[in-house]
Amino acid sequence: MAERTSGPSGQEQAGPAQAGAGSSPESGRQGAGRQDGVLQPTAARSRSRRGIGRDVAAWIVLAVALLSVPGVMDEFFAYELGLYLLFGIVAQGIALAWGRAGFLPLGQALFFGLGAYLACYVLPSGGILATTAGLLLCVLAPALLAYGVARLVFARRHESGPYFALITLALVMFGFQLANQWSSVTGGFNGISGVPVPFDLDRYSNYYYLVVAATLASTALVAWLLRTPLGTLWAAIAQNENRLQFFGFATDRLKAWAFAVSAGLGGLAGALFAGHQGIVTPQASSVVLSAEFVIWAAVGGRRSPYGALLGAVVIGILSTYLRDHFAYWEIVIAVVFIVVVMRFPDGILGLLQGLGRVVTRRRPSAPAKTPEAGVTAPDPAYRREAAPATLRYDDVVVRQGSVRILNGLHLVLDRPGLHCVIGPNGAGKTSSFNVLTGRLPLIGGHLAFQGRRVDGYRADAMARLGVGRKFQIPSVFAELTVADNLRIAQWANRARRRDLLRMATRDWTSETMARMHREFPFLAEVAHRPAGAISQGQRQMLEFAMTAITEPVLYLLDEPCAGLSVDETRHLSAVIQATVREAGAAALVVEHDMSAVESLADSVYVLHQGRLLAQGSFEDIRGNPEVRAVYAGGQK
Amino acid sequence: MVELLNLVYHCLVLALVVLGLAVVFGMLGVMNMAHGEFLMLGAFSAVTAQSAGLSPLWGVAIAIAVCGVVGWVVERLMIRHLYHRPFDTLLATWGLSILMREVIELFYGRGYQNVDMPFTGSVALLGVAYPSYRVLLMAVLVVLFAALALWYVRSPSGARIRAMVGNPTLAQAVGISTTRLATGAFVFGVCTAGVAGALLAPLVRVEPAMGLDYLLNSFFVLVVGGLGSLAGLAAGTGMIGGTQVVISNLFDQTSGYLAVLAVSLLFLWLKPNGLIARR
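These protein sequences, in sequence, are chains A and B. To convert a position in the first sequence, counted from 1, into our numbering, add 42. To convert a position in the second sequence, counted from 1, into our numbering, add 1.
Calculated from the structure, these hints are not laboratory results. There may be inaccurate statements among the hints.
[To be verified] Coverage of chain A stretches by chain B, computed from C-beta distances (three or more under 8 Å per stretch; other residues unrestricted):
no., region
1, 380-392
2, 629-639
3, 649-659
[What the hints assert, rightly or not] Here are the in silico distance ranges between beta carbons for each label pair:
no., chain 1, residue 1, chain 2, residue 2, range
4, B, 254, A, 238, 32 to 40 Å
5, B, 232, A, 186, 32 to 40 Å
6, A, 320, B, 115, 32 to 40 Å
[Unchecked claim] Pulled a few chain A residues facing chain B out of the computed Cβ check, cut under 7 Å:
no., residue
7, 198
8, 372
9, 373
10, 459
Please read all numbers here as calculations on a predicted model, not as lab measurements. Ideal Cβ placement from N, Cα and C applies to all residues, glycine included.
Let the hints inform the model, and build the full structure from the sequences given.
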């Protein structure tokens, strides 16, 4: 996904992306990484560089086209176009939040209006410096508001759902009411008129170039963000937010950042809109305008900043001319929008790109090998402490409806190595994992990990403490390439905020990453295929590889070999054993296959009806009459 | 006393408006953004009845017919194809809401419509004179909700619906036609919105853009109450309706709206499953 999306990158951003590899503090700190870094020009790296080249080319074409408008057409046309370029900036923000991160803001006019009203107060006064500071305020205030709202709404969720969209709609309704009624500040229904043009520009001639500069900057920013590791994480959120949380990413924060950027773009456009129109009325923060922003982004193409801009300019200008002459115009637009949503999720730009591929018969870029060489990633914090895993369940109770799933579970794990968890269906095996990783509410009792009480910790917080989880049904990012899936695991619990904005982070690698490629050679062969397109067995191995790459202190493996053939089971079991043992980590493995338990386990925990029935070596367990009674001789 | 009656009236009406949205979202997982527009369609049914020289109460029948047909067509052409794409249903129904608004605007114009009270006068209730149309409305709604609750808990269809909500795959496996049930649920949901619109038409502002308020208020109720139970619906209605009436009386409409918005945000943050979660 990340590779395919095309878009430009501003020169200033392209620079550090190429030069940053050797100069980042992480690689500087680690001598070995530096040497690996010398082996840079791998296939993947040159491929991403080609992509950036395309981005820059597209951006330059856009710049030339926009700058030549006043000469080719006339200044009045340029003035009119300016309005839709500003709207396009808002639509680009929507493309970022919805097209990439997968949550839908329906009330972007709130931020647009906020920027516009603020501009009436902060822009008219002062010289260049004061005006620039004022413009900054018009961007930051909406961004801050959006960040706060997103943190509130997303804090306790692992999907985006419709609630966020409706909350943004409710907010814009409130903004509209406020703009109408708070007359002393907003001028009420009639708004604020006579807004001067900032920087002493001429509204009908050279102000257009300021608008173009903003458009180009916004386009470059969005296109660059989509290419960064952060952009990949946003795509991962849209596909499988749950999985990302188990890698330790606080997805609510990541989404809040995306929303803040999109609101900031809205605010910027709004501020420039005030100078462009000279008047700001409540219509600037209306539901109707919010709706149009989303329609433009959808029809133009929500996957790229170009699509969104295209939608705003084309549909916007058509609307201006046709609205008054053609009574059914709004109806046509509504129908087009519905059809696009149902049939053409990539909008006009997607159609054009598809057409372009048919005409030039250009196949998608040939699969390249995954980067074996790269920059050594820093260790996760929990690896640096290097304490062996200790885990305690103390009288843990979990209830679902009237059923007690865990009924006073006591379980202590204080040794490294592999420990199998067995028990009949409904014994509470998976639930014991779920309660530890914050997916089931703890009704009673306590949980402790590394001596720290972790009752009610969220999934991402547990992952950041070094608990790595693999699910029974492999959970990966289906539309991202296998290489990107592995990258995300490589970034997990290692990348700091600024690392997520560096292209060099994409080349991170580690001993475990290399080891997983040795153990599972197929990973390199399918590196550039979407993870959803490889076989179930390969996905099991991919997900284990991803879990291992985060180098957890404690592995939680839920039937890691489910659905594998005998040979594959043997292979994966051996890899699990070797990986866990050599890292000095501990693993809890849910397993039904007793022969696998016998060969894997250093010790066995038997759960029955939500309690610990027995624990000990495999022999102890086999001889235990209570365990026999539970299984009633029914060995699988 | 009047305040108390107002509160009860407001909550009952809100419950009727929410009902359809809750049924569709709870059963199909579809957030019907055009819910408010179906209500608007109902209100314009009353307008049409009146302009044809009939009592506006005929609007209820027209609303059921119109919303039933439109709902059935929409379910066939749109909703059914998007069951596993929740975002796209959200957007498509949102597009539908714009479409419906524009079509009504084309026929009736943008302005307010006036619908007369079917009957005027007032009755003494709890020691105060209260408009008789409102009293009738309240009585009808109480009976309606009681009947619905009984039907849901006792009837075979109610059992089928509960089975489908609990586990659609299993429901299908034991021979329940979930597609038909889903169509039925959607049509039922939008028809209740239409009925609400027709009944409310004499009392509220009627215009093509009226739907959004009702959608948002219903959404707030879902957030606060939680999905999947009648008790949650009642709790959410009480909470949102109560907050709205009390704050609006103390300050003004905008403050009332801000208050319910704030309450909903708090719930999303602290209690994302609402007051009464299904599980």
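Which numbered hints fail: 2, 3 and 10
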